[in-house]
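Asker: Below, each chain spelled out in residue letters.
Protein chains: 2
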Amino acid sequence: MAENLSADVYERLSERILKLDYPPGYRLTEEGLCAEFQVSRSPVREALNMLVQRGLVRKNPRQNYVVRELDVKEIRDAYHVRLVLELEVMTLLCRQGVDQAILDRLEAHWLGVRDRLPEGMAHAADDDERFHRELAEATGNQALTRTLAAIDSQIHFVRLYDITNIERLRRTCTDHLEILTALRRQDLKNAVVALARNIEWAEANVEGALSDVASRSRAGGREGTSRG
Amino acid sequence: MAENLSADVYERLSERILKLDYPPGYRLTEEGLCAEFQVSRSPVREALNMLVQRGLVRKNPRQNYVVRELDVKEIRDAYHVRLVLELEVMTLLCRQGVDQAILDRLEAHWLGVRDRLPEGMAHAADDDERFHRELAEATGNQALTRTLAAIDSQIHFVRLYDITNIERLRRTCTDHLEILTALRRQDLKNAVVALARNIEWAEANVEGALSDVASRSRAGGREGTSRG
DNA sequence: TACGCCAGGATTGTATACAATTGCTAGCGT
DNA sequence: ACGCTAGCAATTGTATACAATCCTGGCGTA
Numbered sequence: 034m035a036e037n038l039s040a041d042v043y044e045r046l047s048e049r050i051l052k053l054d055y056p057p058g059y060r061l062t063e064e065g066l067c068a069e070f071q072v073s074r075s076p077v078r079e080a081l082n083m084l085v086q087r088g089l090v091r092k093n094p095r096q097n098y099v100v101r102e103l104d105v106k107e108i109r110d111a112y113h114v115r116l117v118l119e120l121e122v123m124t125l126l127c128r129q130g131v132d133q134a135i136l137d138r139l140e141a142h143w144l145g146v147r148d149r150l151p152e153g154m155a156h157a158a159d160d161d162e163r164f165h166r167e168l169a170e171a172t173g174n175q176a177l178t179r180t181l182a183a184i185d186s187q188i189h190f191v192r193l194y195d196i197t198n199i200e201r202l203r204r205t206c207t208d209h210l211e212i213l214t215a216l217r218r219q220d221l222k223n224a225v226v227a228l229a230r231n232i233e234w235a236e237a238n239v240e241g242a243l244s245d246v247a248s249r250s251r252a253g254g255r256e257g258t259s260r261g
Numbered sequence: 034m035a036e037n038l039s040a041d042v043y044e045r046l047s048e049r050i051l052k053l054d055y056p057p058g059y060r061l062t063e064e065g066l067c068a069e070f071q072v073s074r075s076p077v078r079e080a081l082n083m084l085v086q087r088g089l090v091r092k093n094p095r096q097n098y099v100v101r102e103l104d105v106k107e108i109r110d111a112y113h114v115r116l117v118l119e120l121e122v123m124t125l126l127c128r129q130g131v132d133q134a135i136l137d138r139l140e141a142h143w144l145g146v147r148d149r150l151p152e153g154m155a156h157a158a159d160d161d162e163r164f165h166r167e168l169a170e171a172t173g174n175q176a177l178t179r180t181l182a183a184i185d186s187q188i189h190f191v192r193l194y195d196i197t198n199i200e201r202l203r204r205t206c207t208d209h210l211e212i213l214t215a216l217r218r219q220d221l222k223n224a225v226v227a228l229a230r231n232i233e234w235a236e237a238n239v240e241g242a243l244s245d246v247a248s249r250s251r252a253g254g255r256e257g258t259s260r261g
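Protein chains in written order, with the working numbering: chain A, 34 to 261; chain H, 34 to 261.
Just so you know, the hints here were simulated from the structure itself, not pulled from any lab data.
Just so you know, these numbers come straight off a predicted model, no measurement behind them.
Some hints here could point you the wrong way.
For chains that are exact copies, the list does not tell them apart, and a pair is met inside one copy or across any two.
[To be verified] Dumping the calculated DMTMM-like pairs for lysine to aspartate or glutamate here, alpha-carbon to alpha-carbon at most 20 Å: (1) K92 - E79; (2) K222 - D41; (3) K52 - E69; (4) K52 - E211; (5) K222 - E211; (6) K106 - E170; (7) K92 - E36; (8) K106 - E64; (9) K92 - E64; (10) K52 - D185; (11) K92 - E107; (12) K52 - D137; (13) K52 - E233.
Model the full structure from these sequences, guided by the hints.
Answerer: This is how it looks when you write it as structure tokens:
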């Protein structure tokens with residue numbers, strides 16, 4: 034299923050962390066994960082290193098690995114950086130114009146979501162992420178795309194708490210369509226307004242949900258494999 | 034000298050790549066580096082993974098590692114992202130104010146550099162990098178700091194080609210002092226102007242040097258340890 | 001009782017052995 | 001002469017063994 038075990042462990046471990054199977058503060062040990070995933074320490078180590086890079090796991094040299102704790106300020110800061118970068122995406126796209134085909138496709142998608150509304154909830158988070166990513170890619174600035182991807186990966190796990198009800202999804206559709214319309218006219222001012230509203234709403238939503246998550250993770254298990 | 038061999042190899046290998054001992058396009062093998070640094074493959078692998086993350090080395094699965102080739106557009110794009118992020122640093126610092134002590138220290142440093150001018154050339158690149166990093170840290174936004182650090186690490190190796198003569202260093206001093214003065218007065222407009230000039234000059238300088246580097250690396254050796 | 005020291009265990013850091021994959025090459029057949 | 005295939009060499013991917021380090025707990029002493 035995977036090309037190599039490192040990537041496989043990385044994927045599966047990320048998912049478990051994002052699903053809070055391993056809650057923030059949980060201690061991970063290399064050997065424990067070996068048993069968990071039935072592989073040796075080499076791929077586990079590489080996966081852990083990647084997760085440390087991505088910021089999902091914290092590492093204390095020669096001691097242990099710990100699932101990164103949720104921190105409202107960090108999330109807020111990350112969203113702030115994201116907003117700054119995506120505003121630049123708007124600026125670039127309005128300046129240089131966007132391929133019609135891309136705009137058409139995205140617009141069709143979000144019109145579709147809006148019109149048969151209850152059913153889009155399942156992929157809402159993924160769709161939203163893709164929307165922003167594709168616009169970033171349309172700038173042609175890879176450094177920008179990758180930087181945004183890095184930030185996104187740090188807030189990915191809280192994005193799940195953004196679009197949780199139909200009203201919020203409807204609002205998202207409106208914002209996205211407004212952004213697309215503005216981009217089509219190369220109207221930077223409205224693009225910026227719509228984008229800022231879109232992201233700030235998302236951040237507020239997430240932040241609201243964060244306290245629940247934090248308390249839930251405190252209630253859940255805390256210790257790692259052994260050594261209570 | 035180092036806490037662990039991985040970090041040590043990482044540092045030393047980075048330096049060799051930056052110094053063009055291993056030029057862009059050069060093929061790196063794990064075993065070759067083992068012999069080179071007298072360590073086993075484990076730390077070498079970890080160092081290579083870090084370098085891949087940092088973008089200095091490209092990896093072809095199950096085949097080889099190659100020193101990343103220089104690409105003018107990528108550098109330009111990275112500088113663009115850096116400018117955007119550092120402009121946000123200015124915005125935040127002007128809004129929330131900066132600790133006097135930090136401004137005093139930085140100002141003293143750059144006044145010192147300017148006044149006994151020829152001698153600062155050696156650490157010019159490092160000093161410049163620290164200047165921008167410390168201002169970023171002063172925002173208190175870790176996501177911003179780390180994102181900037183990520184971008185910086187991608188352009189680190191070309192920054193060496195920025196401040197290469199005294200006139201350029203003098204110019205840098207002027208810009209930095211101007212930035213500090215503006216920050217002291219929370220004067221966003223002038224801070225932005227000085228910063229933009231500072232970074233755009235740097236980018237232009239680097240880009241100018243890039244063609245030389247590229248041609249020099251094409252002239253130099255290309256193959257790795259063996260297998261011509 | 002409080003503090004410091006030492007031993008033991010747990011865990012990461014490093015080295016090395018083995019497996020799997022890739023790319024080249026020589027040799028065969030057509 | 002060309003293309004295909006089997007086998008070889010080189011290299012990375014994975015597993016495991018060994019070394020170094022840090023934490024914990026218990027003991028002794030002031």
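Asker: With reference to the structure, classify each hint as holding or not holding.
Answerer: How the hints compare with the structure:
Proximity of K92 and E79 under a CA criterion of 20 Å is satisfied in both settings, with 13 Å inside one chain copy and 15 Å between copies. In this assembly of identical chains, the alpha carbons of K222 and D41 never lie at most 20 Å apart, being 43 Å within a copy and 49 Å across copies at closest. In the homo-oligomer, the alpha carbons of K52 and E69 lie at most 20 Å apart inside one protomer (16 Å), although the nearest pairing across protomers, at 43 Å, exceeds that limit. Taking the shortest Cα distances, K52 and E211 never come within 20 Å of each other, neither inside one copy (32 Å) nor across copies (49 Å).
For the identical chains of this complex, K222 and E211 are intra-copy neighbours only, at 12 Å inside a copy versus 31 Å across copies, given an alpha-carbon limit of 20 Å. Proximity of K106 and E170 under a CA criterion of 20 Å is satisfied inter-copy only: 15 Å between copies versus 28 Å inside one chain copy. For the homomeric pair K92 and E36, the shortest alpha-carbon distance between copies (14 Å) is at most 20 Å, but the shortest distance inside one copy (26 Å) is not. Taking identical chains as interchangeable, the C-alpha atoms of K106 and E64 are never at most 20 Å apart, the minima being 33 Å within one chain and 44 Å between chains.
In this assembly of identical chains, K92 and E64 lie within 20 Å of each other by CA distance solely inside one copy; the values are 15 Å within and 27 Å between copies. Taking the shortest Cα distances, K52 and D185 sit within 20 Å of each other inside one copy (17 Å), while across copies they are farther apart (32 Å). For a Cα distance limit of 20 Å, the shortest separation of K92 from E107 inside one copy, 18 Å, qualifies, whereas the shortest one across copies, 31 Å, does not. Neither within a single protomer nor between protomers do K52 and D137 lie at most 20 Å apart by alpha-carbon distance, with minima of 34 Å and 47 Å respectively.
With identical chains, the CA atoms of K52 and E233 are never at most 20 Å apart, being 24 Å at best within one copy and 44 Å at best between copies.
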